Amino acid sequence: MLLGYLSEIVKDHQKAEQHLVSIFNAIPQHLHEINNTDTNIWCQLQRLAKKHLSDSFVVGGGSHLGNGINTRQDKNKFLDRMTDEQQLIFSSIYYNHKTTLQLAKELNKPEDLIRTTLKEAFAIIRKGL
Amino acid sequence: MNIQNYIDSGILEIYVLGSASEAETQELLDYKEKFPEVKQALFELETDMERIAQQMAIKPPPTTWLKIQENLNELIEMPEPEPLRLKQLGEPQEPYQKKRDQQFIEVESESSQMRLHKSWRWVFAAVFVLSKIFLGCTIYFYLENRQINRELQELRTEVKQLQSK
Numbered sequence: 125m126l127l128g129y130l131s132e133i134v135k136d137h138q139k140a141e142q143h144l145v146s147i148f149n150a151i152p153q154h155l156h157e158i159n160n161t162d163t164n165i166w167c168q169l170q171r172l173a174k175k176h177l178s179d180s181f182v183v184g185g186g187s188h189l190g191n192g193i194n195t196r197q198d199k200n201k202f203l204d205r206m207t208d209e210q211q212l213i214f215s216s217i218y219y220n221h222k223t224t225l226q227l228a229k230e231l232n233k234p235e236d237l238i239r240t241t242l243k244e245a246f247a248i249i250r251k252g253l
Numbered sequence: 007m008n009i010q011n012y013i014d015s016g017i018l019e020i021y022v023l024g025s026a027s028e029a030e031t032q033e034l035l036d037y038k039e040k041f042p043e044v045k046q047a048l049f050e051l052e053t054d055m056e057r058i059a060q061q062m063a064i065k066p067p068p069t070t071w072l073k074i075q076e077n078l079n080e081l082i083e084m085p086e087p088e089p090l091r092l093k094q095l096g097e098p099q100e101p102y103q104k105k106r107d108q109q110f111i112e113v114e115s116e117s118s119q120m121r122l123h124k125s126w127r128w129v130f131a132a133v134f135v136l137s138k139i140f141l142g143c144t145i146y147f148y149l150e151n152r153q154i155n156r157e158l159q160e161l162r163t164e165v166k167q168l169q170s171k
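Line by line, the protein sequences give chains A and B. Start counting the first sequence at 125; every next residue gets the next number (the working numbering). Start counting the second sequence at 7; every next residue gets the next number (the working numbering).
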């Protein structure tokens, strides 16, 4: 699961694999945080990955993130069911680590509308189960 | 505060996507403890996230796990370093009152094991292979030498026979 997520972010299978190894190697340092919370393990892994990626990208001096457009739409039935706007907002936050405030500025829309669209995207995901 | 309005505000979605600010996260975690509705909504969203990730999952090649395992094994096997102990030297003395050859601190470590870098295993493997090659060469040349000696002996016998005729 994590490799799929990382591949989608860095758009390079080999780099994604390297990040996967680095993230798993960093887990022992975060065991205390992981064990002390009842949050879903995937969400914790995802947060760890986000932290690792943002640190790596800062060190690398540039952004390796995509433009928020999902390149594997045909393989994800949930994203397929979203409108372009819902998909853009969902992917920009999920894969590109943007905040709702950033998106609101970029899309020139109120932050509340971004949140509502995101909520709709989640409703579509749940409906698609 | 109406907790349903809070849930409907979309903050939970932002949190599960890892995009909430620290203040928002802290507030949400507080509400999660206080209100079972928030806890339930969060649980459902986290499950949704897991399903999405499963949809996009890619199976890592077996070599990836070996790389991770290697690192984890190092963490597990690495023993705690033995603390160095200062030997008791009886009554403390003023350092400047000691003779020159006694002005050293005696250090003792209990560990009798030696740790080597992993790259040494290739050196050991090369030494092992080379020793086998040398052994093979020794046996070969020994047999070759024995054969030549026999032939030489036969030739000498023939020469002697020819001379006697």
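Hints were generated in silico from the structure; no laboratory data involved. Just so it is clear, the structure is predicted and the values come from calculations on it, not from any experiment. Idealized CB from N, CA, C, for every residue including glycine. Be a bit skeptical, because a hint or two may be false.
Partial selection, computed: residues in chain A whose CB lies under 7 Å from chain B [claimed, not checked]:
{"no.": "1", "residue": "N149"}
{"no.": "2", "residue": "C167"}
{"no.": "3", "residue": "N200"}
{"no.": "4", "residue": "I217"}
{"no.": "5", "residue": "Y218"}
{"no.": "6", "residue": "T223"}
{"no.": "7", "residue": "L225"}
{"no.": "8", "residue": "K229"}
Mimicking PhoX-like on lysine-lysine, the simulated pairs with C-alpha atoms at most 20 Å apart in a straight line are [to be verified]:
{"no.": "9", "chain 1": "B", "residue 1": "K73", "chain 2": "A", "residue 2": "K139"}
{"no.": "10", "chain 1": "A", "residue 1": "K139", "chain 2": "B", "residue 2": "K65"}
{"no.": "11", "chain 1": "A", "residue 1": "K233", "chain 2": "A", "residue 2": "K201"}
{"no.": "12", "chain 1": "B", "residue 1": "K38", "chain 2": "A", "residue 2": "K243"}
{"no.": "13", "chain 1": "A", "residue 1": "K229", "chain 2": "A", "residue 2": "K201"}
{"no.": "14", "chain 1": "A", "residue 1": "K201", "chain 2": "A", "residue 2": "K139"}
{"no.": "15", "chain 1": "A", "residue 1": "K243", "chain 2": "A", "residue 2": "K233"}
{"no.": "16", "chain 1": "B", "residue 1": "K124", "chain 2": "A", "residue 2": "K135"}
{"no.": "17", "chain 1": "A", "residue 1": "K139", "chain 2": "A", "residue 2": "K175"}
{"no.": "18", "chain 1": "A", "residue 1": "K135", "chain 2": "A", "residue 2": "K175"}
{"no.": "19", "chain 1": "A", "residue 1": "K251", "chain 2": "A", "residue 2": "K229"}
{"no.": "20", "chain 1": "A", "residue 1": "K201", "chain 2": "B", "residue 2": "K65"}
{"no.": "21", "chain 1": "B", "residue 1": "K73", "chain 2": "B", "residue 2": "K124"}
{"no.": "22", "chain 1": "A", "residue 1": "K229", "chain 2": "A", "residue 2": "K243"}
{"no.": "23", "chain 1": "A", "residue 1": "K243", "chain 2": "B", "residue 2": "K65"}
Hints, verified against the model:
1. N149: 5 Å, holds
2. C167: 5 Å, holds
3. N200: Cβ of N200(A) sits 5 Å from chain B, so the hint holds.
4. I217: Hint holds; I217(A) Cβ to chain B Cβ min 5 Å, cut 7 Å.
5. Y218: OK, holds: Y218(A) within 7 Å of chain B, min 5 Å.
6. T223: This interface hint holds because 5 Å falls under the 7 Å limit.
7. L225: Not OK, violated: L225(A) not within 7 Å of chain B, min 9 Å.
8. K229: Hint on K229(A): violated, closest Cβ of chain B at ~14 Å, above 7 Å.
9. K73(B) / K139(A): 14 Å, holds
10. K139(A) / K65(B): Distance of about 15 Å is within 20 Å: holds.
11. K233(A) / K201(A): Given that 20 Å is the threshold and the Cα spacing comes to 27 Å, the pair is violated.
12. K38(B) / K243(A): 19 Å, holds
13. K229(A) / K201(A): The given pair, whose Cα atoms are some 29 Å apart, is violated under the 20 Å limit.
14. K201(A) / K139(A): 26 Å, violated
15. K243(A) / K233(A): The given pair, whose Cα atoms are some 16 Å apart, holds under the 20 Å limit.
16. K124(B) / K135(A): 34 Å, violated
17. K139(A) / K175(A): 16 Å, holds
18. K135(A) / K175(A): Roughly 18 Å separates the two Cα atoms, so the pair holds.
19. K251(A) / K229(A): 29 Å, violated
20. K201(A) / K65(B): Given that 20 Å is the threshold and the Cα spacing comes to 18 Å, the pair holds.
21. K73(B) / K124(B): At roughly 14 Å apart (the allowed maximum being 20 Å), K124(B) and K73(B) satisfy the hint.
22. K229(A) / K243(A): With Cα atoms ~19 Å apart, K229(A) and K243(A) stay inside 20 Å; holds.
23. K243(A) / K65(B): 29 Å, violated
Violated hints, in rising order: 7, 8, 11, 13, 14, 16, 19, 23; the structure is consistent with all others.
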